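From first to last, the protein sequence lines are chains A and B. For the first sequence, our numbering gives the first residue as 7, with consecutive numbering after it. For the second sequence, our numbering gives the first residue as 658, with consecutive numbering after it.
Read the hints as simulated data drawn from the structure, not as lab findings. Treat each hint with caution, since some may be false.
What the hints assert, rightly or not - Okay, derived cross-link-like pairs now, DMTMM-like style, lysine to aspartate or glutamate, Cα gap no bigger than 20 Å in a straight line:
{"#": "1", "chain 1": "A", "residue 1": "Lys201", "chain 2": "B", "residue 2": "Glu880"}
{"#": "2", "chain 1": "A", "residue 1": "Lys201", "chain 2": "B", "residue 2": "Asp741"}
{"#": "3", "chain 1": "B", "residue 1": "Lys807", "chain 2": "A", "residue 2": "Glu115"}
{"#": "4", "chain 1": "B", "residue 1": "Lys800", "chain 2": "B", "residue 2": "Asp744"}
{"#": "5", "chain 1": "A", "residue 1": "Lys201", "chain 2": "A", "residue 2": "Asp79"}
{"#": "6", "chain 1": "A", "residue 1": "Lys201", "chain 2": "B", "residue 2": "Glu920"}
{"#": "7", "chain 1": "A", "residue 1": "Lys201", "chain 2": "B", "residue 2": "Asp744"}
{"#": "8", "chain 1": "B", "residue 1": "Lys785", "chain 2": "A", "residue 2": "Asp188"}
{"#": "9", "chain 1": "B", "residue 1": "Lys785", "chain 2": "A", "residue 2": "Glu115"}
{"#": "10", "chain 1": "B", "residue 1": "Lys807", "chain 2": "B", "residue 2": "Asp789"}
{"#": "11", "chain 1": "A", "residue 1": "Lys201", "chain 2": "B", "residue 2": "Asp789"}
{"#": "12", "chain 1": "B", "residue 1": "Lys934", "chain 2": "B", "residue 2": "Glu920"}
{"#": "13", "chain 1": "B", "residue 1": "Lys785", "chain 2": "B", "residue 2": "Asp762"}
{"#": "14", "chain 1": "B", "residue 1": "Lys807", "chain 2": "B", "residue 2": "Glu688"}
Claimed, not checked - Simulated restraints on C-beta separations:
{"#": "15", "chain 1": "B", "residue 1": "Asp802", "chain 2": "A", "residue 2": "Arg125", "range": "57 to 65 Å"}
{"#": "16", "chain 1": "A", "residue 1": "Gln272", "chain 2": "B", "residue 2": "Ser828", "range": "36 to 44 Å"}
{"#": "17", "chain 1": "A", "residue 1": "Leu63", "chain 2": "B", "residue 2": "Asp801", "range": "23 to 31 Å"}
{"#": "18", "chain 1": "B", "residue 1": "Gly834", "chain 2": "A", "residue 2": "Asp22", "range": "25 to 33 Å"}
{"#": "19", "chain 1": "B", "residue 1": "Gly822", "chain 2": "A", "residue 2": "Leu134", "range": "48 to 56 Å"}
{"#": "20", "chain 1": "B", "residue 1": "Asp761", "chain 2": "A", "residue 2": "Val123", "range": "57 to 65 Å"}
{"#": "21", "chain 1": "B", "residue 1": "Asp929", "chain 2": "A", "residue 2": "Leu134", "range": "20 to 28 Å"}
{"#": "22", "chain 1": "A", "residue 1": "Asp120", "chain 2": "B", "residue 2": "Asp802", "range": "52 to 60 Å"}
{"#": "23", "chain 1": "A", "residue 1": "Ser71", "chain 2": "B", "residue 2": "Ser828", "range": "51 to 59 Å"}
{"#": "24", "chain 1": "B", "residue 1": "Asp801", "chain 2": "A", "residue 2": "Ala185", "range": "24 to 32 Å"}
{"#": "25", "chain 1": "B", "residue 1": "Glu820", "chain 2": "A", "residue 2": "Phe31", "range": "50 to 58 Å"}
{"#": "26", "chain 1": "B", "residue 1": "Gly834", "chain 2": "A", "residue 2": "Phe256", "range": "29 to 37 Å"}
Keep in mind it's a predicted model, so treat the numbers as computed, not measured. C-beta: ideal position from N, C-alpha, C; glycine also.
Residues per chain are reported as follows:
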Amino acid sequence: MATTGIDGFGSDATLDRKRLYGRVFVGLCFLSTLFGVAALLLLVGDVIYESWGWLDLTFLTHPPSWFPENYVDGRGAGIYPALIGSLFLIVLTAVFTIFLGVGAAIYLEEYAPDTRVTRFIEANIANLAGVPSIVYGLLGLALFVRAAGLGSVLLAGALTLTLLILPIVIVAAQEAVRAVPDSQRRAAYGVGATKWEVTRDVVLPSAMPGIMTGTILALARAIGETAPLIMIGAATTMFAPPRLSPGALFEPFGAMPMQIFEWASQPQAEFQHIAAAGSVVLLTVLLLMNATAIYIRNRYDR
Amino acid sequence: MSLDDTPTTDAESMTTTPTVTTTDDHSGTGETIIESRDIDVYYGDTQALDGISMEIPEQQVTALIGPSGCGKSTFLRSINRMNDLIDTARVEGEILLRGKNIYDDDVDPVALRRAVGMVFQEPNPFPKSIYDNVAYGLRVQGKDDNLDEKVEDALRRAAIWDEVGDQLDSSGLDLSGGQQQRLCIARAIAPDPEVILMDEPASALDPVATSQIEDLIEDLASEFTVVIVTHNMQQAARISDKTAVFLTGGELVEFGDTNRIFENPNSQRVEDYITGKFG
Ligand SMILES: Nc1ncnc2c1ncn2[C@@H]1O[C@H](COP(=O)(O)OP(=O)(O)OP(=O)(O)O)[C@@H](O)[C@H]1O
Ligand SMILES: [Mg+2]
């Protein structure tokens, strides 16, 4: 209590009451945090528990099978083609989004005149980030699968996921570009650099960690997306991974969320465990991506 | 065209009226290198500078002093067209560099800034190595032959070689504020500009670092023309040959030899400002 022993600074009922309110508020905030963390732990714990005994190294290196007994005792059935499919998808999506996202962000922040049109575009990019992924799936289906005539192939999948996360990447990249202090730009202009040199030598290197962090987090969202892949007609089960050749771009592909969905909809009870094992693999990839993003952010945080 | 192409004959014809020789011990030629003619600068609708005309002598230190907001930085930025980077800024009038109006259509501001370097108030080294900081200007200007030599030379001239000569690979950001500012000066002088503009280069530094920078500026004047903005009256008196006093409203109230301005200003307002009665 606030008894200091000095006259006039003794304990005070109103002050005590305010402190009580403060403590109640902190308690409520703590409970909210607890709720979120507990729900997450329960979910992850449950998935790991379900997958126990079904997940081993052969699960990562073998194609799926229709017979649950093939998934045990290292007999050789698993998630391999979908895992590789997802990695291909994510690498392609990363390449597309980095070029398009960084390009758009640099243009909007460094070059675009500050007009009403520019502001309108910027506001709507932020809005696009909130559009449900199924809508992007529809767009991908109409645009890449049908209009461009690609069919349900890897390239169409990557382009669709690119559309999905591009707004997030642009906004993150814009923030990173905006965070580069003007004094840095002035320093380069001051020794006779052109605008392009200032952008290439000063703005991009400083903004890159932020851009990478934002991009990886967005990709982590994309890798778990199922709805857009269903819309464009990705394969639910593939027995061979995509080939390591440019031709693979124009061939059907699978991805982890599709495979997990397929397993979970099988009638045999064992497949629930197999789906859980697939989820653990997916979550691990997600976690690794997030860890990379955090690592990059800390590494370059000055 | 690049400013380097400006014919020297043109420049000489612009400097037929020699400016008053100063009593300072700088060996400067004293010939006018920069002539500002009736410069007005506007930010949007507000006028920041009103009809500034002055002649800045070569290889001497010219100080710009005056109360906050009177347009010193604005004037400095109009000498290397850094105002071009501010969307709302508009400059009217002429600034002649060796007789060539830098606001002519055929002047490339990037080429101009290669001849007129700048040091800023806040030390702003790049997050790169000390070496790459100094080399940056040389590289973008295509002067990257004998790079090692030039980098060392610039660091020596900026009086910081003794402190960093053995750690050229470490980051420029790991230096102290005073060292960072001298590194920025090294970066500015490395490509050998003719003029160096400095906007309160010592205002963020402690007294020791400040006096190092002041000594350095006096040395630089033997090779370069230095135009410096300062809030520090003693600093202006100590290091400059000419002083320009700007007062609120963006006007140049008095310009002349530093000694005369400080000992016997013509204008009562300048006297009041210098003696600290306002500003
Ligand atoms: N980028 C800008 N946009 C709009 N107005 C500006 C800008 N820069 C300066 N001004 C205005 O122009 C006037 C002169 O500013 P300037 O920075 O040149 O003054 P200064 O003499 O350098 O002041 P200080 O001693 O505080 O640095 C001020 O009224 C300021 O508000
Ligand atoms: Mg200023």
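| Index of numbered hints that the structure contradicts, given in increasing order | 1, 3, 4, 5, 6, 9, 13, 14, 15, 16, 17, 18, 20, 21, 22 and 26
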